[in-house]
Amino acid sequence: MENLIALLVAAPLLGAAVLLCGGRRLDRVGHWLGTLLAAASFVVGAVLFADMLGRGAEERTLSQHLFSWIPVEGFQADVAFQLDQLSMTFVLLITGVGTLIHIYSIGYMEHDERRRRFFGYLNLFLAAMLILVLADNYLLLYVGWEGVGLASYLLIGFWQHKPSAATAAKKAFLVNRVGDMGLSIAIMLMFTTFGTFAFGPVLEATGETSEGKLTAIGLMLLLAACGKSAQVPLQSWLGDAMEGPTPVSALIHAATMVTAGVYLIVRSGAIFNGAPDAQLVVTVVGAVTLLFGAIVGCAKDDIKKALAGSTMSQIGYMILAAGLGPIGYVFAIMHLVTHGFFKAGLFLGAGSVMHGMNDEVDMRKYGGLRKYMPVTFVTFGLGYLAIIGFPGLSGFFSKDKIIEAAFAKGGAEGWILGSVALLGAAITAFYMTRVMIMTFFGEERWRHRATASPDQPSAEPAAETHGEHDEPHPHESPRSMTIPMIVLAFGSVFAGGFFSIGDRFMHWLEPVTRHDHGHSPLSAATVTGATMVVLIIGVALAYVQYGRRPVPVTAPRGSLLTRAARRDLLQDDFNHVVLVRGGEHLTRSLVYVDHTLVDGVVNGTAASVGGLSGRLRKMQNGYARSYAVSMFGGVAVLIAATLLMRAV
Amino acid sequence: MSFPLLTATAVLPAVGAIATAAVPAARRTAAKWLALLVSLATLALAVTVLVRFDPDGARYQLTESRSWIAEFGVRYELGVDGIGVALIALTALLIPFIVLAGWHDADPLETKSSRWRPTQGFFALILAVEAMVIISFAATDVFLFYIFFEAMLIPMYFLIGGFGDRAHSGTDENASAQRSYAAVKFLLYNLVGGLIMLAAVIGLYVVAGNFSLQEITEARANGTLEMATSTERWLFLGFFFAFAVKAPLWPLHTWLPNAMGESTAPVAVLITAVVDKVGTFAMLRFCLGLFPEASKWATPVILVLALISIVYGALLAVGQRDIKRLVAYASISHFGFIILGIFAMTSQGQSGATLYMVNHGLSTAALMLVAGFLISRRGSRLIADYGGVQKVAPVLAGTFLIGGLATLSLPGLAPFVSEFLVLVGAFARYPVVGIIATIGIVLAALYTLVLYQRTMTGPVKPEVSAMPDLRARELLVVAPLIALLIGLGVYPKPLTDLVNPAVKHTMSDVQQKDPKPDVEAAK
Amino acid sequence: MSASAVHSLWTMASAAAPGDAIDKIDTPTIEYAQLSPTLIVIGAAVLGILIEAFVPRKTRYYAQVFVAVVALTAAFAAVVGLAANGYGTTKAHIAAMGAIAVDGPALFLQGTILLAGLVAIFTFAERRLDPVAHGNRVDSFAAQAGSVPGSEGEQAATKAGFTTTEVFPLALFAVGGMLVFPSANDLLTLFIALEVFSLPLYLLCALARRKRLMSQEAAVKYFLLGSFSSAFLLFGIALLYGYAGSVSYGTIAKVIDGSVQEINPALADTMGNDALLLIGAAMIVMGLLFKVGAVPFHMWTPDVYEGAPTPVTGFMAAATKVAAFGALLRLLYVVLPGLRWDWRPVMWGVVILTMLAGAIVAITQTDIKRLLAYSSIAHAGFILAGVIAMTPDGISSVLFYLAAYSFVTIGAFAVVTLVRDAGGEATHLSKWAGLGRRSPLVAAVFAVFLLAFAGIPLTSGFSGKFAVFKAAAEGGAGALVVVGVLSSAIAAFFYIRVIVLMFFSEPKADGPTVAVPSPLTMTAIGVGVAVTLVLGVAPQYFLDLANQAGVFVR
Amino acid sequence: MNPVNYLYLAALLFAIGATGVLIRRNAIVVFMCIELMLNACNLAFVAFSRLHGNLDGQIIAFFTMVVAAAEVVVGLAIIVSLFRSRHSASVDDASLMKL
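Residue numbers (the numbering used here), protein chains in the order written: chain A, 1 to 648; chain B, 1001 to 1523; chain C, 2001 to 2554; chain D, 3001 to 3099.
Hints are computed from structural coordinates only; laboratory data are not their basis. Be a bit skeptical, because a hint or two may be false.
Stated by the list, open to error - Mimicking DMTMM-like on lysine to aspartate or glutamate, the simulated pairs with C-alpha atoms at most 20 Å apart in a straight line are:
no.: 1; chain 1: A; residue 1: Lys213; chain 2: B; residue 2: Asp1518
no.: 2; chain 1: B; residue 1: Lys1504; chain 2: B; residue 2: Glu1218
no.: 3; chain 1: C; residue 1: Lys2211; chain 2: D; residue 2: Asp3093
no.: 4; chain 1: A; residue 1: Lys213; chain 2: B; residue 2: Glu1520
Please model the entire structure based on the sequences and the hints provided.
See the structure below:
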């Protein structure tokens, strides 16, 4: 059985290789091939899943050792896979959602002449992501980690001719690199601490080392997670990443890749359990980010950016949960999965809307679309209900559990984190309702439209071409796009319930992540009630603001906070001023230094020798008598020196 | 004594050089083919060396030893350990690509007097350099090494000064003046280094009485050869200075950007991927082998310099306007890593450093050669003159990107393996150093991606709109390199197996043990 | 370590006791066989004079060349014969009543001088470079030395096809003197030899066909300064004679380290007077330093090298240096070792000055001949570094260096004679721009010589430099080695500059043409290249030779 | 009379000659000064010869005279040819070559 694991990775990898090297002749079949291989990988995953269910809870872990990768004196890095429940969860999520999005893209990218390459990149991403979750040691995980980074770079910048896209891609990669620094330092620390960085040995040996080391490792891992999962302070890239085609945003920047940070932390649970300080930092980061993302989400008029903010915030929830330790791990993953469903669905919906609206992304130019694209409306709506945590839908279960867990952490921390989580829920309800209303309800603002507001650069390429001139004719998307949306809608409706009945999911994961219930100061019912209340408040506020009065086509100036939020709470400006500008000055001055100082010293020496030469030359003045003088002086000195030598 | 394989490997290109130079002026193409064939034959010989070499056998194999200049206690002693084999293989591997890539670089612009034969000269010089480099990788006699270490400057000098890049650098139209400046700078820097080394070589003779690396190392090991601490340090400094210039290590690096900027891309590759490796190689073999104590004594300073090189080189790469100068500064940063790995004095660090020499050779070759193809199309080295190339020449852009990703050592590509090993090795002994060095990772991503973005993406510039994609010859150059980069990235085991024993020997030379992990240390 | 013990490191007792008997004058015995090289050359020179007197003008040139070549070859053969018979090693002893030493260094240097002279004679005899004047080929010497430059007398002489074939006997005389100079075993012989080879050189300098004013000026300067220095030398000899009561090397050495047998009161009196000894020694050394062109006695070199006819310059630069260094070696190693603690520090200063000054001033030179002149000064510095090593290796390394250096020098100057424009040789550096494009071969050859001067490995220059620096280091002069490598780095700069000029800069429109020489010059250059490469790649044989030859007789 | 005084005289003459070389312009005079120096040497030789009571010094003196004569021949030849081409025997005029 375990030999199948490699197949999981191999299939999409093969696809990537073939599609990227294949050349034009594959253009016609490329997308089918890519989708097929993604599906194949899913099938293999399913088979393995079935097999795994067939075995007892404790011996479900499979492992496959492929080959010894970097064998060096005292340093052993292998290419080996490990498939346990946690990995399996991800495998299914990745391949499943991945396949759906492949299918979706067939329709979405129909008119792009580089579609083949697009599918190649998608396959590359799947492969890398699978390596990430299947690796049995941190170094191999690092390979997948950077691999998905590369894929995301390529896909964000897929429309390279747009400078904005290229820049966004570069930014994503760079910010992630900062995170990767953390990961590599963490690995080095593990190597010097445990002499290895394979999951098994490391996670078992955590007891044998000092808490300080563990904390250091934990914090480095957190840094990595922040980079990949767009957590404060490394979140700035996610918003720009929306420059990529929508399926990409759905798959990479909502469902799978951005959640890798959560996987990393949960996977390294043993380390964090040994380092409470690190855990605290994790929860704080999570809490801050969930508010940050939510606030940003409220202010964006670009539908994808709004969803991106929401993604940030939802992942904030997961990180928060993961920071809670054994209390939260399970729920973190559970929310991760449900979020995978509904957020992917939402993005696909957004994509479908844009598809029907000439790639317009500004929600202020939407409105009343429900009757033009019913399927999209329904699926998007369900996703909406799921994310705000409408009772019975997936989001309700998963998020509720996290809030409970947050309180269950106990002490002041518990209260603070819990209430932050609640507040987050309220804001979520608010901005998602806003999105919903602005898009599907209200007057049809895309008719007799005014010129686009300058401060909202429309993202997709076509916007420049015909966005301004002829008004769009909203229409439902082709079946290849709607079917995935429907499937995901199902997931977002039922997944949560399915997982929670009889704590299925908890029992499934427990062998890997362990679980304890903690002791919540509030009863589950109370928490649920509170959640309901804040939810209603949020929805109501949004309705009052956007449902009752008409939405202006050009964004009003808005309050200070709004304006700040539109600019990602000025965090980008900070980066620009401090890092970019500062960096530019640093490099420029260094170039100067290199030229004048380092080079100057050498050239200066040469020049001075030359000058000396010029002066000495003058002594050769052509007069025989002066030569005689120098000889005479010379011999005089010679004699004097000789006598002196004898004297001393 | 059996068939002198190493000598043959070195002599073949030398003979080829003479033959190529002798080809009459009119038969330019013939000269090119001759050079290509010779380089391929050399590659074949190098492969046989690789095959005949048994990693777990004696430290130095395929040894040859003849009396040469008894008066100076100099013997013609060749012998390779794993490191030498790897680098000889790298050299022999790269030269054919360099020849192929430089196919048209030396075609005379207008037919001058029939005596003037630039093409023949160009390829002859390349082969001459190959021969000298191979000898210096194989030499186990300090004097023999020194001779070729110095002598290879001359052909390199003519390659840089005589066959400059025809693309204008934008800073100054007077290209030939700049070129000869670069060539002279290259020569003088290295000559000064070499002469200072000469003093040390003489000193070594006065102390040791012969030049045989093995003898001296053994004598030092078993105490029959005492060296006063101060003497050893001075000699070490003399050697290290020369190697640091060649490598190049901050602040002795400034010749490299000029040299690489002004020379044609293949020559630039020759400089940074092949010739400079002799410097780092020599640090590993001679500095550590002959002067272990002094090496340990100097380590702190050298590590700091290496760190400076890493960060400084990367930052300057970010600040460059000229593609080739950018690559040059990137190389400076990479050489920082190599030296860091060597002087971290851990198995991982030194294995990593050795792998790094090979991988950096491959990655720079890939990046620089593609850059050369790009430049030859547009006739400009300025980044600002490009834009949107990806649209018109996707394959070129793709290969360029892969070269770049290799340069920023993306996992899955060969350089990652070596870079990570170096970092781990450094971290194991000097955590702070390791952490600072990781900054290099981020900066590498920065300059590579900025370069790619500015040249390849964005709206298509009118000047590049008609740019043809890679031709068959060019693809033939790049594809194998990329294949190797991926292959060695996924499965570097053959290389590590080759290198590990040699590294073990070096570690024992310097009497260093790897630091134990805490957990084991605790037990 | 006692003085005499140190002394015996690089000298050995001679078979025949030196003739320092003064009361009775016994009939002198002359070992003609062992003096044969010198005698042959001098004899040929005399024969040359007779040829001038009796052979018709048309055939003189051929006769002279023939005689000169045969004589030098024969003399060389004689030297080889002597060496083969062990006169260099076992049978080494002092001939001609103590006047001349026949030992390793002497024979090695004589051999070198003879070969160098032979090659130089080839360049003297070159007649293809200048355009044919009035239907007869001309060499690089004035048609009639007496005629005033630019006068109709001169033109008449040229029209008549006069040529100064006296240069050949003159050169032979000079060679004869040079042969004696390094083997002179008493101060008088030293002085006479000095004059014998100097006077012809003074004349040769004045004989250039082109740029005659400069040539005459060079001659005057060389003559005045040369005789000025030889006056010092002579006075030094006088003082030393006063100190030791004898001019024989052996005796003086004995007196200096106090191992002399019978001491009469007068000697006892003067022996006490170190001033005589030190001043005398300093003056003699100065005279020799002048000949080798060491700072601060170097100032004649650039002017004379520039003004003299280029073949003569090559001859001087090579042969004179060899002879002078030979004499200097013998003086310091045989006569003055007892004094080494006095003169070594002083010589240190001279060496450092010479190496640095030569290299530094050369940087800004614009005339190729002056450039080479300064480079020869720098090289004198390098050789001196080997001289003051005061070890057996010191001797052999210097011998090797001299052999290596002389051929490179002659070759280089021979190449200079090829590059010509309307005004004769185009010696200004700017004229050499782009030579590599016009005639790659000549440029390449010259580049080889320059690289050898620069001491790049695989050229004779490197082997020589390594040898002397090694000797110096072993002699405890490590600091000198460091200064040496630094100055060779500086020196490298201007050699490189010339190479850059030849290969990397565009040729000028009015650039010089490269004359196609006759086989004579070709052989000169060819020999230069061959020696450069052979001594660079496989120097072992010659090092052994120098090693065997590395012991003086006393 | 003590021969040492002759030595002082010789040294004096030598110094005078040397000074003359340094300060006089006319080539002939300079050359004469050199001859003076040579003769100072001769005096020294003879004096020492007397001092030591051996003949070497006196013989050397003869040699020196011959050499001096030879020098005169060569020197005058050169100086005269210079004079004829420049119409001046000043050593300072002959300074084409410098630097």
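Evaluated hints:
1. Proximity of lysine 213 of chain A to aspartate 1518 of chain B is assessed by CA-CA distance (about 10 Å); at most 20 Å being required, the pair is judged to hold.
2. Taking the CA atoms of lysine 1504 of chain B and glutamate 1218 of chain B, the gap is about 15 Å. The hint holds against a cut of 20 Å.
3. Distance hint between lysine 2211 of chain C and aspartate 3093 of chain D is fulfilled; the C-alpha atoms sit about 16 Å from each other, no more than 20 Å.
4. For a cut-off of 20 Å, the pair hint linking lysine 213 of chain A to glutamate 1520 of chain B stands: about 15 Å separates their Cα positions.
Going down the numbered hints, you'll see the structure goes against none, and every one checks out.
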